[in-house]
Amino acid sequence: MSTDLIPINPVEPFLRSERMPHIWCPGCGIGTTVNCFTRALIESKVDLKNLAIVSGIGCTGRVAGYTNLDSFHTTHGRAIPFATGLKLANPKLNVVVYSGDGDLFAIGGNHLIHAARRNVDLKVICVNNLIYAMTGGQTAPTTPGNVITSTAPYGTYDPAFNLPYLVEAAGAVYVARWTTFHVRQLAKSMQEMFAKKGFGFIEVLSPCPTLYQRRNKMGDGLDAMKDYKRNSKIRPGCPTSEVGLVKEGEIIVGKFVDREKPEYLDMMKAHFSQQLGERYIQPSSCEEFCSEEVPQCSL
Amino acid sequence: MPQTADPVGVLSGNHFIDGDHAACEGAIAAGARFSSGYPITPSTEIVERFAQRAPMIGGTFIQMEDELAASITLQGAVWAGVKAFTVTSGPGFSLMMEHIGYAAMTETPCVFFDVQRGGPSTGLPTLAAQADMMQVRWGSHGDYDIIALCPNSPQECFDLAIKAFNYSEQYRVPVFVMMDEVVGHMTEKVVIPPADQIEVEPRHFTTKSKAEFLLFKPDENGVPEMAKAGDGYNIHVTGLTHDERGYPDMTPPTQDKLVKRLLSKIRNNAEKIWLYEEDRIEGADVVVVSYGITSRVAQRAIEMARAEGIAVGKFRLITAWPFPDKPLRKIAENIKAFVVPELNLGQMVREVERCAGGKAKTIHVPHAGGSVHRPEEILAAIREAVR
Amino acid sequence: MPKGAVSIVVERCKACGFCVEFCPTHVLALSSAFNSKGYHPPHAVAPEKCSGCDLCGMFCPDFAIYGYRFPKKTGDAVETKEADDATDR
Numbered sequence: 001m002s003t004d005l006i007p008i009n010p011v012e013p014f015l016r017s018e019r020m021p022h023i024w025c026p027g028c029g030i031g032t033t034v035n036c037f038t039r040a041l042i043e044s045k046v047d048l049k050n051l052a053i054v055s056g057i058g059c060t061g062r063v064a065g066y067t068n069l070d071s072f073h074t075t076h077g078r079a080i081p082f083a084t085g086l087k088l089a090n091p092k093l094n095v096v097v098y099s100g101d102g103d104l105f106a107i108g109g110n111h112l113i114h115a116a117r118r119n120v121d122l123k124v125i126c127v128n129n130l131i132y133a134m135t136g137g138q139t140a141p142t143t144p145g146n147v148i149t150s151t152a153p154y155g156t157y158d159p160a161f162n163l164p165y166l167v168e169a170a171g172a173v174y175v176a177r178w179t180t181f182h183v184r185q186l187a188k189s190m191q192e193m194f195a196k197k198g199f200g201f202i203e204v205l206s207p208c209p210t211l212y213q214r215r216n217k218m219g220d221g222l223d224a225m226k227d228y229k230r231n232s233k234i235r236p237g238c239p240t241s242e243v244g245l246v247k248e249g250e251i252i253v254g255k256f257v258d259r260e261k262p263e264y265l266d267m268m269k270a271h272f273s274q275q276l277g278e279r280y281i282q283p284s285s286c287e288e289f290c291s292e293e294v295p296q297c298s299l
Numbered sequence: 300m301p302q303t304a305d306p307v308g309v310l311s312g313n314h315f316i317d318g319d320h321a322a323c324e325g326a327i328a329a330g331a332r333f334s335s336g337y338p339i340t341p342s343t344e345i346v347e348r349f350a351q352r353a354p355m356i357g358g359t360f361i362q363m364e365d366e367l368a369a370s371i372t373l374q375g376a377v378w379a380g381v382k383a384f385t386v387t388s389g390p391g392f393s394l395m396m397e398h399i400g401y402a403a404m405t406e407t408p409c410v411f412f413d414v415q416r417g418g419p420s421t422g423l424p425t426l427a428a429q430a431d432m433m434q435v436r437w438g439s440h441g442d443y444d445i446i447a448l449c450p451n452s453p454q455e456c457f458d459l460a461i462k463a464f465n466y467s468e469q470y471r472v473p474v475f476v477m478m479d480e481v482v483g484h485m486t487e488k489v490v491i492p493p494a495d496q497i498e499v500e501p502r503h504f505t506t507k508s509k510a511e512f513l514l515f516k517p518d519e520n521g522v523p524e525m526a527k528a529g530d531g532y533n534i535h536v537t538g539l540t541h542d543e544r545g546y547p548d549m550t551p552p553t554q555d556k557l558v559k560r561l562l563s564k565i566r567n568n569a570e571k572i573w574l575y576e577e578d579r580i581e582g583a584d585v586v587v588v589s590y591g592i593t594s595r596v597a598q599r600a601i602e603m604a605r606a607e608g609i610a611v612g613k614f615r616l617i618t619a620w621p622f623p624d625k626p627l628r629k630i631a632e633n634i635k636a637f638v639v640p641e642l643n644l645g646q647m648v649r650e651v652e653r654c655a656g657g658k659a660k661t662i663h664v665p666h667a668g669g670s671v672h673r674p675e676e677i678l679a680a681i682r683e684a685v686r
Numbered sequence: 687m688p689k690g691a692v693s694i695v696v697e698r699c700k701a702c703g704f705c706v707e708f709c710p711t712h713v714l715a716l717s718s719a720f721n722s723k724g725y726h727p728p729h730a731v732a733p734e735k736c737s738g739c740d741l742c743g744m745f746c747p748d749f750a751i752y753g754y755r756f757p758k759k760t761g762d763a764v765e766t767k768e769a770d771d772a773t774d775r
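Residue numbers (the working numbering), protein chains in the order written: chain A, 1 to 299; chain B, 300 to 686; chain C, 687 to 775.
Think of the hints as simulated: they come from the structure by calculation, not from any bench. Any given hint might turn out to be false.
[To be verified] No more than 30 Å apart at the CA atoms, straight line, and that leaves these computed lysine-lysine pairs for BS3-like:
no., chain 1, residue 1, chain 2, residue 2
1, A, 92, A, 217
2, A, 49, B, 629
3, A, 226, C, 689
4, C, 758, A, 45
5, B, 509, A, 92
6, A, 45, A, 188
7, C, 758, A, 188
8, B, 660, B, 629
9, A, 188, C, 735
10, A, 226, C, 723
11, B, 507, A, 92
12, A, 45, C, 723
13, C, 758, A, 217
14, A, 217, C, 723
15, A, 229, C, 689
16, A, 45, B, 507
17, A, 188, C, 689
18, A, 45, B, 509
19, A, 49, B, 507
20, A, 49, B, 509
21, B, 516, A, 92
22, C, 758, A, 226
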């Protein structure tokens, strides 16, 4: 039978195949999110040459190393400021930040809220497995209460962040949450986010079978996926204040925020044009990016 | 293959400005078009000036939320293809250490200005010290090597800023301009030459094809060629121990090869990197080794000592790291003693002592910081050296 | 008549079970064969039910399986690749 009748796996050109198989555990959902990511890139017809992916440290942080794009595996918590530097210095680049909940919201929390405040044109994909997986399963700021972790051997007792709520408050223009069960919706949401200028954020709940699931006797990755299927409620436009997570509770998913705000580089260009007129010289890579109609910034 | 400066950034002519301002102009003349900063006394003026100049020279400035961000945002800009820098002082420098290690490990060409002030901790925000000299060399974890330059005047702040950018591109390494609060805040004449007289090292972007190019494969000089995002090379940059492709390879043989090369690319080229000023070393009994603002005071002490008939030579460190051990070892063979005044309680003197190798005495003239030495203190040490 | 088929990269599979569970037409089951790491990869037990929807490919965290639709023009059946025939990419 002729092999050219069989199309290749759409994800394959996006992988550094010589590095397969990857290090993620059986039943971990990170790879699933990468499938959605590649489908979204294909559908969006994004110029892959000008796409850069930046990640931090952690299991999700390894995504950069496996993707066949200009990829940057940076320091813990600092993917967003590195991405900001890439974007500001070459606005033609489409910059995706792909990192985990601990990396983006604990050590990286400050950078996340400032980038959202500025509305820098970055696309943040946060794989939330509710734990610090790479280092062996410590408590994360997203770990719900009463969960056993390696640094909370009697169970957690402190409150967890509600990521969509936080990111909306910080200023993001696109906020959504899906799980690794919602593969089609996730791919579509990523596609939507890529088409929208400004700080976009998608939280993806993903199983961590080896640490989170196992330590809490919740089965394996497949059990987590069935849990997502059973407990998820799709509520587009739900107020983000209401989407907090509790252990084994309801998971509200959907697109919560999709709003218009001036983007950082547009604001910068508008402001300098206004203040300096003819004397303003844009960086040469800026001209094609900044939109001609620059909305009035609401400062 | 150096080029000359882009005239757009160069304010040729005579200026009466302070060291911080001169440093900013030096960075701009060198081709820096991006800075991510965070304010900290006494370095803030460098980025304040850049914030003002940037929109008129095609540059970008962003004030980040902390030094952790500032020190990595500039590296993102470097990988997007521009020359970038940040500025700081003691407490901020400490925060930047992880990212200095990242720049060294990923061989990211960039420049950091540390305008040193009294420490430790919050210390003396508005007063000089030279107590970060060991930190600049060893501050981040692991084995790596860097280049550090010490200006002693606003003119040198301008000149050495350009040198720093040039070295960073030549050796794909972070380079440090170690100023101090006095040099940063003193106002003197600074001559900015015409742009076509300023030598600027362009980034060594590869011209190899995607199939051939390896982002971390060294050329004959031990330094790999550079690339940037958006050129279709699908580069991968990581702080993990990596192979020549840049892919993580966390094994002892790769570690050995990589880390040794990070050191050797500086050490094997040290003679080309050393900058120092010598005066009357021949026939000297004692040589004063100093740097930065202390060298200005030492100059006076040396003149006073010579007036008393003491054969005293001067060795001014301009490159602090890699330390110019070879010339100093040679000098040690022919003199009685080194005198090392510095605004700290014992940093570069350790290097001098190491080079002296017991052949010459080393007399330290420490100072906890907050002001500069009086020439008499250094003169006393010179007298003691020849006793 | 299957509308599509799956292609499996046996050596990448870690037997997580997502594809088996979430295939809408229950084409797959974990086989008794195993790869060099000791995992049991899936195989098509009901290939005639395959629609080529590629949900298995979307779910697979290891990029070890994907589905594809047969081109509509050709009326010829194309054999499904069994797990032990799959090329290791």
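Hints versus structure:
no., hint, verdict
1, A:92 to A:217, "violated, 47 Å"
2, A:49 to B:629, "violated, 54 Å"
3, A:226 to C:689, "holds, 27 Å"
4, C:758 to A:45, "holds, 24 Å"
5, B:509 to A:92, "holds, 21 Å"
6, A:45 to A:188, "holds, 13 Å"
7, C:758 to A:188, "holds, 25 Å"
8, B:660 to B:629, "holds, 14 Å"
9, A:188 to C:735, "holds, 26 Å"
10, A:226 to C:723, "holds, 26 Å"
11, B:507 to A:92, "holds, 23 Å"
12, A:45 to C:723, "violated, 37 Å"
13, C:758 to A:217, "violated, 47 Å"
14, A:217 to C:723, "holds, 25 Å"
15, A:229 to C:689, "holds, 26 Å"
16, A:45 to B:507, "holds, 28 Å"
17, A:188 to C:689, "holds, 24 Å"
18, A:45 to B:509, "holds, 22 Å"
19, A:49 to B:507, "holds, 17 Å"
20, A:49 to B:509, "holds, 12 Å"
21, B:516 to A:92, "holds, 28 Å"
22, C:758 to A:226, "violated, 34 Å"
Violation of the numbered hints given earlier is confined to hints 1, 2, 12, 13 and 22; the remaining hints are satisfied by the structure.
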